[in-house]
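Using the sequences and the hints, build the whole thing.
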Amino acid sequence: MKWRYFKQNLFFVTVRLSAFIIALSIGAFLVYIFMNGIGAVNWDFLTLPPRDSMTKGGIMPAILGTFYLTAGAIIIALPLGVVSAIYLSEYAKQGPVIRLIRIGINCLAGVPSVVFGLFGLGLFVVFLQFGSCILSGALTLGFLILPTIIGASEEALKGVPQTFREASLGLGVSKWQTILRIVLPNALPGILTGSILGIGRAAGETAPIMFTAAAFFTAKLPTSIFDEVMALPYHVYVLATAGTHIEETRPIQYGTILVLVALVSGIDLIAIIMRSYIRKKKRW
Amino acid sequence: MVTLLSDNIIEIKKVNFYYGASKALTDVTMDFKKNKVTALIGPSGCGKSTLLRLLNRMNDLIDGTRVEGEVVFEDRNIYDPDVDPVEIRRRIGMVFQKPNPFPKSIFNNITYGPKLGGVKNRSELEALVEQSLKQASLWNEVKDILNQSAMMLSGGQQQRICIARALAMKPDVLLMDEPTSALDPVSTAKIEELIEELKKKYTIIIVTHNMQQAARISDYTGFFYLGKLIEYNPTEKLFTTPDVKQTEEYITGRFG
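Those protein sequence lines, which keep their order, are chains C and P. Under the numbering used here, read the first sequence as residues 1 to 284, first letter to last. Under the numbering used here, read the second sequence as residues 1001 to 1256, first letter to last.
In short, the hints are calculated from the structure, not lab data. Glycine included, C-beta positions come from ideal geometry on N, C-alpha and C. Treat the hints with care, as some may be off.
Claimed, not checked - Chain C is faced by these chain P residues, among others (derived, beta-carbon under 8 Å):
no., residue
1, M1058
2, R1090
3, G1093
4, P1103
5, F1107
6, L1116
7, G1117
8, K1120
9, R1165
Claimed, not checked - To spell it out: a stretch of chain C is covered by chain P in this simulated footprint if at least three of its residues, at any positions, have a beta carbon under 8 Å from a beta carbon of chain P; those stretches are:
no., region
10, 170 to 178
11, 181 to 189
12, 254 to 268
Laid out in structure tokens, this is it:
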């Protein structure tokens, strides 16, 4: 075999191997979580609050808390992110100011999540006196996922063919109506993709909610957005590090992680189905 | 040169146009006759498309462009600061090079503009759809599939949807930017027949790369070269006994 064919084959094998290794590690990770966690998961686990110093019982308050926090973060970040993206991609004249804003957004994406947690503590919990509650936590998580949503929305808006904008404007339709009726609907699949990534991140983060929303333990379910809640990632953190029965609660920890992964995948799945449904209608 | 007559619908006076620092049109003066087809020809980059897009202010959409001179439509310079370009584009419609229907149903493609323009009545919209599609000689082909996506149609049908969509706004002038360059010969012939029909009601200004097309369908032809209007005459004269040597060289294929 000639040397350059050998080199080519070597390259192909390496590339293929890399892809397989990634798929394999994700698969192994999921199987591991499932095998260890499924034993703890049953109906009571999902519907009852913890008891006996959190060594027994379920995780229902944490599931509910994570759901509220994630939903709140999306409700805050999605409109803000999409509107920012519309400004950046459709209205702003490209120049130094816009470049600065963009650099700012990229920096925001790279800020460690614990910094967001401290920022949320300083601004929402202490300064605005919301206290440690769903609102503070959702706001903090919302800011955390804002760069993801802005980035994805901007890409999605740029992906809408320029010819659609021209067709609409050429009919004597105003720019705002063109964005609302033509650009935004066609960018929706991409925007949803951004939200999916955002949801996954918001649901899984521990550091930002540690100081702003999450309770160590509360059997009481939240009645308003000014209540503290338990949350799945924080619950795992607490059981695994701060409890007095760390080894004893191992199955509960795995079970909680499994529920968290299932919850995030479930939300992702809904968004993916919505996206493919819209795409089918909007193909160009 | 064509002398000024009262049946002009648009008059361009000493227009210069710039993309940033580069000049795309130099001192263009010409007028467009009502209910006639005017063709703009010339080699790539000669400024003919720029001129077309100047007529309904589509060039506004490009950052850093600048216009000098006047474009007079209905006794008003459309570049006056108090003129709303959205209003102008309702009166002067446009059909683009590549068919660009919206990813909506045929019905909604046609009604998109009128609806946003204030027509809400369902039966009025239905009548408008039928009328526009008939004018674009597409009604018989699509009358049973009005709720299907316009993206499912062939390229030639899509382009006629775009024409119908523009007609639904009831414009006075229709600008066409190489409307057949992406189409096969049969579809092209259909569009050309259509243009012949449409000029009874509308003024049509068409940019084309195809000189035979200009000769076939237009009443007047303007030849552009390097951003200048070299010659503007009745089509028959321009293609048989052109006044300018450059025009003759271009139409006989010696350059461009």
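Status of each hint after checking the structure:
1. For P/M1058, the shortest C-beta to C-beta distance to chain C is roughly 6 Å, which falls under 8 Å, so the interface hint holds.
2. For the restraint placing P/R1090 at the interface with chain C, the shortest Cβ-Cβ distance is roughly 3 Å, inside the 8 Å limit, so the hint holds.
3. The beta carbon of P/G1093 is positioned within 8 Å of a beta carbon in chain C (closest approach about 7 Å), and the interface hint is therefore held.
4. Taking 8 Å as the C-beta contact cut-off toward chain C, the hint placing P/P1103 at the interface holds, the least distance being around 5 Å.
5. Taking 8 Å as the C-beta contact cut-off toward chain C, the hint placing P/F1107 at the interface is violated, the least distance being around 15 Å.
6. A distance limit of 8 Å between C-beta atoms decides the matter here; for P/L1116 the minimum to chain C is near 5 Å, and the interface restraint holds.
7. Among the interface hints, the one on P/G1117 holds; its C-beta lies about 7 Å from the nearest C-beta in chain C, closer than the 8 Å criterion.
8. Contact between P/K1120 and chain C, as hinted, is not supported at the beta carbon level, the nearest pair being about 15 Å apart and thus beyond 8 Å.
9. The beta carbon of P/R1165 is positioned within 8 Å of a beta carbon in chain C (closest approach about 7 Å), and the interface hint is therefore held.
10. Against chain P, the region 170 to 178 of chain C contributes 6 residues with a C-beta closer than 8 Å to a partner C-beta. That satisfies the three-residue criterion, and the hint holds.
11. Under a criterion of three residues with beta carbons nearer than 8 Å to beta carbons of chain P, the stated coverage of the region 181 to 189 of chain C is upheld, 3 such residues being counted.
12. Judged by the Cβ-Cβ criterion of 8 Å, the region 254 to 268 of chain C is not covered by chain P as claimed, because only 0 of its residues qualify and three are needed.
In this structure, the hints that do not hold are numbers 5, 8, 12, in rising order.
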